[in-house]
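A.B. asks: Here is how the chains run, residue by residue.
There are 2 protein chains.
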Amino acid sequence: GLAAPALAQGSNPQVRWRLASSYPRSLGTIYGAMDMAVKRVGELTEGRFNISLHPAGELVPALQVLDATQSGSVEAGHSASYFYIGKDPAYGFGTALPFGLNARGQNAWLYEGGGQALLDEFYASQGVLAMPIGNTGAQMAGWYRKEIKTVEDLKGLKFRVGGLAGMVLAKLGVVAQQLAAGDLYVALEKGTLDAAEFVGPYDDEKLGLHKVAKYYYYPGWWEGSATLGLFINPKAWAALPAHYQAALRTAAAEANQWCTAKYDVENPRAMGRLVAGGAVLRAFPRPVLDASYKAAEALYAELSDKSPAFKKIFEHWVKFRNEQVLWQQFCEGPFDNYMAAASRRK
Amino acid sequence: GLAAPALAQGSNPQVRWRLASSYPRSLGTIYGAMDMAVKRVGELTEGRFNISLHPAGELVPALQVLDATQSGSVEAGHSASYFYIGKDPAYGFGTALPFGLNARGQNAWLYEGGGQALLDEFYASQGVLAMPIGNTGAQMAGWYRKEIKTVEDLKGLKFRVGGLAGMVLAKLGVVAQQLAAGDLYVALEKGTLDAAEFVGPYDDEKLGLHKVAKYYYYPGWWEGSATLGLFINPKAWAALPAHYQAALRTAAAEANQWCTAKYDVENPRAMGRLVAGGAVLRAFPRPVLDASYKAAEALYAELSDKSPAFKKIFEHWVKFRNEQVLWQQFCEGPFDNYMAAASRRK
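Chains as they are written, first to last, in our numbering: chain A, 1 to 346; chain B, 1 to 346.
Possibly wrong hints are sitting among the right ones.
As the list claims (entries may be wrong) - Taking lysine-lysine pairs in the DSSO-like style, the calculated list, with each CA pair at most 30 Å apart, reads:
#, chain 1, residue 1, chain 2, residue 2
1, B, Lys158, B, Lys294
2, A, Lys39, B, Lys214
3, A, Lys235, A, Lys206
4, B, Lys171, B, Lys190
5, A, Lys214, B, Lys294
6, A, Lys149, A, Lys206
7, B, Lys171, A, Lys39
8, A, Lys146, A, Lys39
9, B, Lys319, A, Lys211
10, B, Lys214, A, Lys319
11, A, Lys235, B, Lys39
Claimed, not checked - Among chain A residues calculated to face chain B with C-beta under 10 Å, some are:
#, residue
12, Tyr216
13, Asn267
14, Leu281
15, Gly333
Said to hold, decoys possible - The following residues of chain A were derived to be distant from chain B, with all beta-carbon distances above 10 Å:
#, residue
16, Pro13
17, Asp35
18, Pro55
19, Thr192
20, Glu254
21, Ala261
22, His316
Keep in mind the hints are simulated off the structure, nothing from the lab.
Remember, predicted model here, so these are calculated numbers, not experimental data.
Even for Gly, the Cβ is constructed at its ideal location relative to N, Cα and C.
When you get a sec, could you build the whole thing from the sequences and use the hints?
C.D. replies: Shown next, in the form of structure tokens:
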């Protein structure tokens with residue numbers, strides 16, 4: 001149930017919340033960021049604002065976290081907004097759109113570029129509040145039993161990929177499949193699946209997919225970054241004293257940054273182990289990327305026709321994305337590319 | 001003076017700190033991040049932990065902020081650690097080293113990669129505590145009256161550039177100069193200076209340098225990112241209740257992320273205005289970058305001979321940097337480069 005109103009209990013009331021996650025404990029970065037924020041809120045309030053975090057399935061099934069938060073059966077949820085694009089495609093922006101913003105751009109859009117205000121308005125219409133609580137950075141494009149050499153190779157490809165990426169790839173003939181992460185190994189081994197994407201080296205390594213689908217493709221253009229979300233029931237939020245609200249907001253921002261830092265530490269080392277274990281790295285050929293980009297643009301036009309919320313946010317988002325991509329070519333890009341060139345020279 | 005011990009006043013004592021900044025209010029990103037953190041600490045503690053922030057010169061001169069914090073004449077300071085490499089070159093790591101980590105890498109190193117623990121040890125030996133409080137992202141390489149077409153063009157160049165970058169460039173014949181930001185316009189106009197670097201479009205625009213030195217070079221290889229620092233007197237820190245310490249630490253992390261977001265929103269727009277106002281963008285030629293990289297490596301060998309603290313931290317840092325640069329070539333780099341290519345196609 002919802003927390004009791006705080007004011008009756010003085011300025012530092014004891015508040016207990018239940019927080020349901022869509023993720024398991026084993027995801028040390030994604031789940032770890034949520035766990036870090038919950039603990040920090042405890043520290044900031046001397047234990048008076050107590051949030052108990054529950055992994056997927058413990059209180060509610062993974063994909064019902066948003067609904068449970070909206071209804072108030074839990075005060076808060078930890079999930080990815082794009083799991084809910086079936087309700088409205090505008091849920092995509094809170095996590096990632098194909099050929100979207102990288103982690104720097106996504107943070108800039110959300111925290112200072114006007115993105116969060118647009119999302120707040122949309123989420124209010126959905127009866128929920130949300131804030132960022134972790135970003136994965138650019139993801140890998142997953143594991144493939146055979147090489148993808150041409151756009152033709154995508155036709156009929158039985159690929160475990162979800163959401164907007166699946167909708168883009170369907171336009172190129174991919175047969176998008178939804179399977180739980182734990183079922184991917186067997187499906188790839190048996191050949192009922194040709195390919196599967198998950199996150200990146202650190203998370204993928206735990207699934208062992210390199211043993212059954214050795215080609216590891218990049219870049220994962222559908223997730224140039226992906227933001228995880230902390231969803232909050234508006235009544236539970238309104239019942240908090242202002243300094244407890246500040247504690248949750250500040251702890252969430254800290255965890256958002258930490259999540260990417262943790263990935264950036266762990267991914268290179270996991271990648272080294274995967275390659276040593278037989279993974280073969282492959283870049284998507286340029287024509288495959290171009291065809292995918294064109295298909296994504298067609299999808300965005302369709303979704304804008306279908307959803308007024310998507311259309312409104314997309315117009316702001318795409319302008320912002322294009323500014324970021326242009327700027328990057330005169331600063332971050334040349335620096336990063338030179339560092340890469342210098343490292344290859346040795 | 002130092003804050004009175006907190007425990008005698010109950011668990012939420014009134015604490016007042018004075019915080020001296022090396023920066024003026026006009027730097028909306030750098031100063032703005034410190035200001036944001038101070039206000040957040042107030043919110044988190046219902047105004048009980050009150051930190052008054054003072055711009056450069058109000059309490060102490062800009063470059064004496066560290067000393068004032070060490071001595072306890074202020075409880076805390078806001079500065080850039082690399083201003084103090086004259087004390088020990090190991091002060092460089094807290095901000096930036098030439099050909100160093102980009103913002104993602106720097107955050108990863110500091111927050112999760114073991115970097116902060118190494119810096120903590122070094123700072124303890126210096127009688128101070130420090131935490132990150134903002135990152136500029138990759139900087140531009142500044143404003144030049146004439147083009148830099150060859151390594152020879154660096155010889156005798158009167159360039160306003162400081163710290164380790166100045167030491168690297170001195171090896172290539174640059175005459176490194178130190179001038180206050182406010183004096184650069186006149187010096188470039190008169191020709192007593194040939195070139196000057198500051199930060200990036202958003203900060204540079206305020207100085208108007210494009211009117212007197214139109215070539216705007218990139219990448220600023222000496223600051224692939226630059227971390228600002230919150231310095232704290234260890235006795236003042238120890239006197240804080242644990243939840244006030246947590247408030248300061250969490251607010252600083254939030255501000256660190258926000259600073260980069262603010263730059264990423266403002267820089268592209270400022271760049272557009274600068275180019276419209278006559279700035280001419282130029283990339284350093286590859287041989288200039290290669291010669292600079294080689295000179296930086298030579299400098300790092302010298303500094304490692306000179307300072308045991310530099311040597312210890314450098315060994316950890318360079319290994320971490322190389323891991324980051326390698327990983328980036330299979331994920332962030334190909335994604336960002338494809339987005340750039342797609343934008344140029346239009």
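A.B. asks: Let me make sure I understand: some of the numbered hints might not hold for this structure. Which ones are they, in numerical order?
C.D. replies: 2, 3, 5, 7, 8, 20 and 21
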